[in-house]
Amino acid sequence: MSVEVAVAAALIVGVVAYAVLGGADFGSGFFDLTAGSGRRGAELRTLVDHSIGPVWEANHVWLIYVLVIWWTAFPETFAAAMTTLVLPLLLALLGIVLRGASFAFRKYSATLGQARLFGVTFAASSILTPFFLGTVAGALASGRVPADGTGDRWSSWLNPTSLFGGVIAVGTCAFLAGVFLAADAARSGQGRLAEDLRLRALAVGVVTGAVVFAALGPIMDDAPTLSDGLTGRAAPLVVLSAVAGVATLWLLWTRRYAWARLPAAVAVAAVVSGWGVGQYPWLLVDEVTIAEGAGAPATLQALLVAVGLAVVVVLPPLAYLLRLTQSEEWSRH
Amino acid sequence: MIGGFPPRSVVRVVTPALLADVVAQLSAAVEPEGLLPARQQMALSLGWHIVLACFGVAFPAMILVMHLRGIRRDDPVALELAKRWAKTSAVLFAIGAVSGTVLSFEMGLLWPGLMGTYGDVLGLPFAFEGLSFFVEAIFLGIYLYGWGRMPPKRHVLMLVPMAIAGVVGTFCVLAVNAWMNAPAGFRLVDGEVTDVDPWAAMFNDQVWLQFAHMWVAAYMVVGFSIAGVYAVGMLRGRRDEHHRLGFVVPFAFATVAALAQPFVGHLLGAGLDERQPAKLASFELAETAESPSPLRIGGVYVDGEVKGAIDIPVLGSVFAMNSFDEPVPGLDEIPEDDRPPVNLTHWAFQSMVGIGTLLAGSVALFWFLRWRGRDLLEKRWFLRFVAVSGPLAVVALESGWIATEVGRQPWIVYGYMRTTEAAGDYSGLWWLLGSTVVVYAAMTAGAVVVLRSMARRWRAGESDLPSPYAPETVGERS
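Read top to bottom, the protein sequences are chains X and C. Sequential numbering of the first sequence, starting at 1, is according to our numbering. Sequential numbering of the second sequence, starting at 1, is according to our numbering.
Hints were generated in silico from the structure; no laboratory data involved. There's no promise every hint is true.
[Said to hold, decoys possible] Not everything, but these chain X residues come out facing chain C in the computed CB check (under 10 Å):
| no. | residue |
| --- | --- |
| 1 | R39 |
| 2 | T46 |
| 3 | G53 |
| 4 | T72 |
| 5 | L89 |
| 6 | L94 |
| 7 | R99 |
| 8 | K107 |
| 9 | G119 |
| 10 | R153 |
| 11 | A294 |
| 12 | A296 |
| 13 | A302 |
| 14 | V313 |
| 15 | V314 |
| 16 | Y320 |
The beta carbon of each residue, even a glycine, is placed where N, CA and C say it ideally should be.
The following block holds chain X by itself, in its conformation from the complex:
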């Protein structure tokens, strides 16, 4: 593997981690928003607070990791994508800002009125952010970012692949969150809440699956290069994702929540890495390949040092944090 492909792989690993870990955090906004009135939704909102509170900032850093690796390793394509996709990126950024700030504010609100305001802001922006990031992914995958960054500011992300990408991102995040939240609820002994989440996660899963199915035709037409990749080299990953998705639904159906988390994460990881493998060797589809877009070799090597350092310095404490949050002591409210 050449050094630039290794860095691109590290980049896609970051995207996968953000999609799985950050995605589950964003998805909890869907359940928060639909939890009902102050009284009826209190239990679920408290669970959301407790589940994502310790981890959302760490999970959010994956996005920073992706941005930094991208602009350092492939600077010209970064500038091109940022310039063409300025609108969805700014809207996603707005969502990121509002989500993080209002989540922290809600936790320490003094009154129910304040908590409602911050809560709605948190939940709504948690849904909008993955939508816009999904449109960005769709734009990149369907080759709408020209190398010089002069792509159309609107049609680059208002097209079939982008819009389906946005909707699928929202649905996937919500499905992940539903599975994780149901497992958290069951572990902390809130059986009724777990049951409620189970039904809603099943519904979200079925709807998202249907959207993916409906999107296949339009995306095939709209993004031929990606389609070739998805039906060719990346086909095993696509199949894996579908199988894992169905397995998740079955485990949810049979109330094995803790187990359901694994295939849920695998399904998302497989589809995101399938995207990466599917558009290989393109960085900007039909425009710039990984090799063409790569920056200075010395920088790529240095980045691999940084990635190696991340494996040693970041992953162990991250695993420790995730293990703590899944432990018995931390599940008590």
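Place chain C on chain X using the hints.
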């Protein structure tokens, strides 16, 4: 750290003639449409973030000292303070994380020319900064939620990686900024960037001193701000151990930082006459080289002349050049196109130095009198001064940042790329700026409302701050 600030017209005394001059300057300037709003956008979002970044850097160390004291001496007051500071930091770090993300996006959105050309030269420190942000966020999560859920001795240790990550993160961000001032690690051959060495770019000549200056500044901002909170409490008659301890720990941090800062700043300025003569000339408002140069306090530079300044002979050479007769470089030696906005740079620099000197003098006075057996905490005027010292330190921080950033103009990469070349070609950036002002104002208001309500409830004796939508709370109300 990129971009700059309003043109010098903003700080001038506005007269009709000046106004006409400014209009002429603006209309004559051939600049990309996106340049001015992009600079304002960067100035706003970075100026906002930098304050929160200080808390991310310096607050964990202060919480660590307080928490350790609580555990070692079995001191419930210290433990309660550490717990409250932790909750405060949860709010501050959250908005710091998102406002930092804004900057990551803006690097590409506002400065595609910089990132496209030099991304692989300057990017490596950002990668390490990302790692330290990771470490800080992970241990923040563990620390915040670890209260009562972990063995106390292990729990307090979770602050150590946070404090270290804050230092490393500061170094990395300042590495990029120092590189913009003293570019290294590449060659420009026929307009193409070659021979890229990201390590040489990261460890450029200016990185250590710029890092030290910013790091110490972070401790000043946070130390004075937190001490000020408890000074206000004392002014309102709350003179218990809680307020004494809440004042002393951050004030001690601020003391060390405020006393060290003038020396660090002076070291950082050494050699500026050779590195960035235009910046030094603007700092000192030197319209021409004089031997020896005076220290020029205040004043404005209009049409090649300095007006309204107070000159103190020789001191300009002493401070800026470490000499009794060597002249500070004059603005008249620098082509007009290569000059930064002179007045803004000058005033920002002098505000920073003035406030820094005032803060250093006041902490020295406090400890000197204490040593002589007099406690300034008994004096209301001193408490009032400490109450405003936090905002003053923030003003000094922002001024210092304006001085170095605006003073680097018109360059974004000093000597290599002008800021005009880095900006994107967008229309509608003013709308973005307007929206950003609204969002940041709302975020500031939200933070103030929430933090004040936390303090109010703590004073009322609620220590756990149950969320208002917790089942039991909602149940009670309905």
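Status of the hint placing A302 of chain X at chain C (closest C-beta pair under 10 Å): At 5 Å from the nearest chain C Cβ, A302 of chain X passes the 10 Å test, so the hint holds.
Hinted contact V313 of chain X with chain C - closest CB pair below 10 Å: holds, 6 Å
Chain C contact restraint for R39 of chain X - C-beta distance below 10 Å: Interface hint status for R39 of chain X: holds (5 Å vs cutoff 10 Å).
Restraint check, 10 Å cut-off on beta carbons, for T46 of chain X near chain C: With Cβ-Cβ at 5 Å, under 10 Å, it holds.
A294 of chain X as chain C interface residue, shortest Cβ-Cβ below 10 Å: holds, 8 Å
Restraint satisfaction for Y320 of chain X [CB to CB of chain C, less than 10 Å]: Holds. Min distance 7 Å.
Restraint outcome when G53 of chain X is required to lie within 10 Å of chain C by C-beta distance: Hint holds; G53 of chain X Cβ to chain C Cβ min 6 Å, cut 10 Å.
Hinted contact A296 of chain X with chain C - closest CB pair below 10 Å: holds, 3 Å
G119 of chain X as chain C interface residue, shortest Cβ-Cβ below 10 Å: holds, 7 Å
Given hint L94 of chain X near chain C, where the shortest CB pair must fall under 10 Å: holds, 7 Å
Restraint check, 10 Å cut-off on beta carbons, for K107 of chain X near chain C: holds, 6 Å
Status of the V314 of chain X interface restraint (C-beta, 10 Å, chain C): Nearest chain C Cβ about 5 Å off; hint holds.
Of the numbered hints stated above, none is contradicted by the structure.
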